[in-house]
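Chain Y is already provided as a structure; the job is to place chain Z on it using the hints.
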Amino acid sequence: MPRFDDDQDGVVVVVGSGAGGGTLATDLCRAGVRTVVLEAGPHHQPGQFIDDEWPSFAQLAWLDERTTSGSWRVAQDFPNLPAWTCKTVGGTTTHWAGCCPRFKDWELRMRSEHGPIDGANLLDWPITLEDLEPYYERAEDRMGVTRTNGVPPLPANNNFKVMGNGAQRAGYQDVSTGRMAVNSVPRDGRPATIQDGFNFQGDRQRAHWSTLTSELPKAEATGNLDLRPESHAFRIAHNGGGKVTGVHYLDADGHEQVQKARVVCVAANAIETARLLLLSESPQHPDGLANSSGQLGRNYMRHLTGSVYAEFERPVRMYRGETMAGIVTDESRNDPDRGFVGGYYMQLLALGVPFLAAFLEPGAWGPDFAAKMEAYERTAGMWLVGEDMPQEGNRVTLNRDVTDQHGLPVPNVHFDDHANDVAMREHAYGAGEAVYEAVQAVRTHRVTPYPSTHNLGTARMSADPADGVVDAFGRAHDVPNLFVSDGSVFTTGAAANPTLTIVALATRQAEHIVDEMKAGAL
Amino acid sequence: MSTQAPAGLEQHVAETVTALARTLYPHDAVPDAVYERVPAKIAEAVREDPAQARMVADGVADLDRRGDEPFTKRTGEQRLADAEAVAGSEFFALVRSTAVVEVYSDPATWRVLGYEGPSFAKGGYLRRGFDDLDWLPDLPQEG
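Chains Y and Z supply the protein sequences, listed in that same order. In terms of our numbering, the first sequence opens at residue 67 and continues consecutively. In terms of our numbering, the second sequence opens at residue 19 and continues consecutively.
Every clue listed holds true.
Here are the simulated DMTMM-like pairs of lysine to aspartate or glutamate, each with C-alpha atoms no more than 25 Å apart in a straight line: (1) Y:LYS309 to Y:GLU582; (2) Y:LYS438 to Z:ASP50; (3) Z:LYS59 to Y:ASP143; (4) Y:LYS438 to Z:ASP152; (5) Z:LYS140 to Y:ASP254; (6) Y:LYS438 to Z:ASP124; (7) Z:LYS91 to Y:ASP434; (8) Z:LYS59 to Y:GLU440; (9) Y:LYS438 to Z:ASP149; (10) Z:LYS59 to Y:ASP118.
Read the hints as simulated data drawn from the structure, not as lab findings. Every value quoted in this text rests on a predicted model; they were computed, and no experiment measured them.
So that you can see chain Z by itself, here it is in the shape it has in the complex:
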């Protein structure tokens, strides 16, 4: 994985958090860059907080200890089982709550899921399909 370590997190920690984020919210067509937002955001949050930074590093070490290979090298199935095993931890809660915001806020994810987002600058959806659903009949509009 080519994750550039964000300032404040070691490269291996950042890569593991990225892999965990993809395990939690797996969308094959969503690029790694989206999942890399998660360690970047966490790095920002822990930069001034050594105790939190340690908690994250310990969480990664704990994940790594759960197999012969580091978490990042395991199969998807193994990662899922390991994620399940640490689901009650503070580390997991931080990664999950950060990931659910970061992964689904990225326009690259929106493109994969078919969400077009803002339209005001394009004149809204008035002439861009707000009522183009054609697999059900139109409803009569009474006054």
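For reference, chain Y alone in the conformation it holds in the complex:
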């Protein structure tokens, strides 16, 4: 791999190598653009991944100090772990089951659909589904999503037989193994799944699309990629003319380096993206870089989340096979008569014994809890993922009282549920229980939301610069050569798992950056 000169100011610097950054960098490299990727985590190969939940967590999770506040239960149960994301080359695509629903047209214009909602900071996206569709098609093709482009569906595993039969008996119509970025047949140089589970532990088998195994190697092959692992970006510099000029980062030895840049793209996941821009404050940008709207760090969304587990008389063995290959989409419709706006999906979910013990009922102990664990082999599980409301007060800020291992202020994540989130979650819990009761569950358990892997909204897109941080291409309203390239740009969260949309947006952004460069505008 080439190592471009730090003073080479013709390169594009991408901060982060996950779904957004890894995809963007790959498209830039293929278009002939020299690209430096700064990744805070180390570069593991799939053979190094650990199929054991806690050791894998220690290997892959973002565990730098963070703090929490607000009324969400995560602040009590996991006060220093507001989110469950990864610090490794490939980012959080190494912790990914592969669910790829698209947004629906109305999910991009929630404000127009519903008008203002008390306490919610709703805004329409500056793009429509029509704008996104061609990029969804390309994203599905590059990711090998099942049920698209002739890729066959995944087979039903044990956990899905339970949820699927229950859903059908409960009257749901659209029940399937879903659209999954998991090879059901060999494709793109990667094998078909051997149903070995451990989808959140890096995926040793390489059947899942990830930027680690599916994108960055292609970027490297162009000769235009300079991937720098263990490089923690902490400040984006700008000049008096209002353009960014480079990125300050700490290398593996903790030494400060500066990489000059023609364009900077931030894709560090919603918490770190906001933190990096806040840390880049200056006299011209006193509230953080590109924050004239005051919206940077605000409108943090983490999806509805919640799970339902159910015990049965006979064995399920939910851990065997693809972790999330099952979906019920009926409740993803927009039907305010249910008592909330927006929709949700029921998706398959399985945890191993170590994580089920940690998350089933955080803090619980005693004979009743042990009895629930004794039923592990007879337990089925589902995850509830739905749209949560953007709120101005749900926010990433710098906690200047607490510093990380580099001496930098840690991010504080404040979160309170909106009444709409609570109403939707209650409905979803009830629906999940009804599914399992339809196939004679012995008992069901409602599981509280745990640290989310879907982190969105902290640098949102807006048509009007007063309402958000970036424009329809993810370009900062305030800084012409600064882009945001991850889920931070989501104006609203929709019900869909975000990765497909992040990839589609990154593909679209790459095209835009290349066009702008060719036009001499960047």
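The following block gives chain Z in isolation, referenced to the frame of chain Y:
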């Protein structure tokens, strides 16, 4: 109990922590060796931290003071009541949070609970029962 005291914790402290761990996460078929991971892990954590080591020893003494016999000699029912009584303490929080990780991370526990764990080296579950559930009908797969 045959607990070998881990370096850094006195034997009685280690035995009491082991007994408390079993009280918190009771699985009859799980062997003592699994629960002994808890004092071993705590010993590791407090080795360089005398204040924490004292906190653990004090927590054990507090448990012992709650009955005529030491905690390790009490009935299961008594232990449960005593655990409940100290549930707000720092000692309890340390033992519980350590136990929930250690007890459920041990393959001996997995065997008891019917969890087979990693399968990559064995070719996954593709031919080893990923879809062998037979008490519900197969679902039709549309294209």
